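Participant: Spelled out, the chains give:
2 protein chains.
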Amino acid sequence: MSSANEIDRAGMMQALAQARKSYDEGGIPIGCSLMANGTVLGCGHNQRIQKSSATLHAEISALENAGRLRAQRYREVTLYTTLSPCLMCTGAILLYKIPRVVIGENITFLGGEELLKSHQIEVVVIDDPECKDLMARFIREKPEEWNEDIGEE
Amino acid sequence: MSSANEIDRAGMMQALAQARKSYDEGGIPIGCSLMANGTVLGCGHNQRIQKSSATLHAEISALENAGRLRAQRYREVTLYTTLSPCLMCTGAILLYKIPRVVIGENITFLGGEELLKSHQIEVVVIDDPECKDLMARFIREKPEEWNEDIGEE
Ligand SMILES: [Ca+2]
Ligand SMILES: [Ca+2]
Ligand SMILES: [Zn+2]
Ligand SMILES: [Zn+2]
Numbered sequence: 001m002s003s004a005n006e007i008d009r010a011g012m013m014q015a016l017a018q019a020r021k022s023y024d025e026g027g028i029p030i031g032c033s034l035m036a037n038g039t040v041l042g043c044g045h046n047q048r049i050q051k052s053s054a055t056l057h058a059e060i061s062a063l064e065n066a067g068r069l070r071a072q073r074y075r076e077v078t079l080y081t082t083l084s085p086c087l088m089c090t091g092a093i094l095l096y097k098i099p100r101v102v103i104g105e106n107i108t109f110l111g112g113e114e115l116l117k118s119h120q121i122e123v124v125v126i127d128d129p130e131c132k133d134l135m136a137r138f139i140r141e142k143p144e145e146w147n148e149d150i151g152e153e
Numbered sequence: 001m002s003s004a005n006e007i008d009r010a011g012m013m014q015a016l017a018q019a020r021k022s023y024d025e026g027g028i029p030i031g032c033s034l035m036a037n038g039t040v041l042g043c044g045h046n047q048r049i050q051k052s053s054a055t056l057h058a059e060i061s062a063l064e065n066a067g068r069l070r071a072q073r074y075r076e077v078t079l080y081t082t083l084s085p086c087l088m089c090t091g092a093i094l095l096y097k098i099p100r101v102v103i104g105e106n107i108t109f110l111g112g113e114e115l116l117k118s119h120q121i122e123v124v125v126i127d128d129p130e131c132k133d134l135m136a137r138f139i140r141e142k143p144e145e146w147n148e149d150i151g152e153e
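Which chain is which? The protein sequence lines are E and U, in order.
Under full-length UniProt numbering, the first residue of the first sequence carries the number 1, and numbering increases by one thereafter.
Under full-length UniProt numbering, the first residue of the second sequence carries the number 1, and numbering increases by one thereafter.
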């Protein structure tokens, strides 16, 4: 994260803390935080295992935890996620017209980044080793849960 | 719905019952049901007002209520929704590779139908008067809640 600015470092640290929390709970280690002008609006992690949830990906959890916001508020948000967002989470970003997305890594999984860019959303990929290590460890331990989360056999 | 078959009629009736339930609770009247080979796997309605939820659209609620399913199960699903799915819900359909979507109407709101079709998903629009009437009534009564749900001012 050496090239990211202070606010981006803080945002990704929050997302990574959520990912670690999920891992420690036995869950899928993906975390997300939403920041607007230096304020955290919400954060969350994947809840597939913890809540038997098919829809609470990290990004959806963070949006849910941020609660109901006016449309204009989302236009000020940067979304930090430890892993490239899947198509559902990409669609949520498009629904709320979040203008900027910072991604921990996209080596483990490459989601809808092109779709985001085609909607003029700024996409920054940090390629963070900790984000990658955490996912690699999880997939080694629980490959079936990971495949289920991305809709694959 | 005169041209829909018996199973499609049953699926849309379930979705519409969910939409009416939401309206009766003071919520946004959009409902969804998931059916596979004649079995209802889950259904739900928009929960923005009832649960102060930014992410529980009808389709997300139905997927959540269906619980964790194997990837293969989703390949057998038809998703019935009373209104054209927004980009978040469209993305959820793409994530789980649901092959068929039956939509009550797309006059009130036109969502990601082209994106669905570009992924070879079968999209059927019924143009049901009851689905349209329910939304028209709600938007007349609570225009701000509706705009918030679709990320608009
Ligand atoms: Ca996730
Ligand atoms: Ca909805
Ligand atoms: Zn996702
Ligand atoms: Zn939606």
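Misleading hints may appear alongside valid ones.
Identical chains share a label here; the pair holds if one copy fits it or two copies do between them.
What the hints assert, rightly or not - DSSO-like, lysine-lysine: derived pairs with alpha carbons at most 27 Å apart: (1) Lys117 x Lys51; (2) Lys117 x Lys97; (3) Lys21 x Lys142; (4) Lys117 x Lys142; (5) Lys117 x Lys21.
Just so you know, these hints were derived from the structure itself, not from any lab.
Note that the structure is a prediction, hence the values are computed from the model and not measured.
Participant: Hints first: check each against the structure and report whether it holds.
Facilitator: Right, here's what the structure says about each hint:
1. Proximity of Lys117 and Lys51 under a CA criterion of 27 Å is satisfied in neither setting, with 32 Å inside one chain copy and 32 Å between copies.
2. In this assembly of identical chains, the alpha carbons of Lys117 and Lys97 lie at most 27 Å apart whether taken from the same copy (12 Å) or from different copies (22 Å).
3. Taking the shortest alpha-carbon separations for Lys21 and Lys142, only the intra-copy value of 17 Å comes in at or below 27 Å, while the best inter-copy value is 39 Å.
4. Taking CA atoms no more than 27 Å apart as the test, Lys117 paired with Lys142 passes in neither setting, with 32 Å inside one copy and 33 Å between copies.
5. Taking the shortest alpha-carbon separations for Lys117 and Lys21, neither the intra-copy value of 30 Å nor the inter-copy value of 38 Å comes in at or below 27 Å.
When the structure is compared with the earlier hints, violations turn up for hints 1, 4, 5 and for no others.
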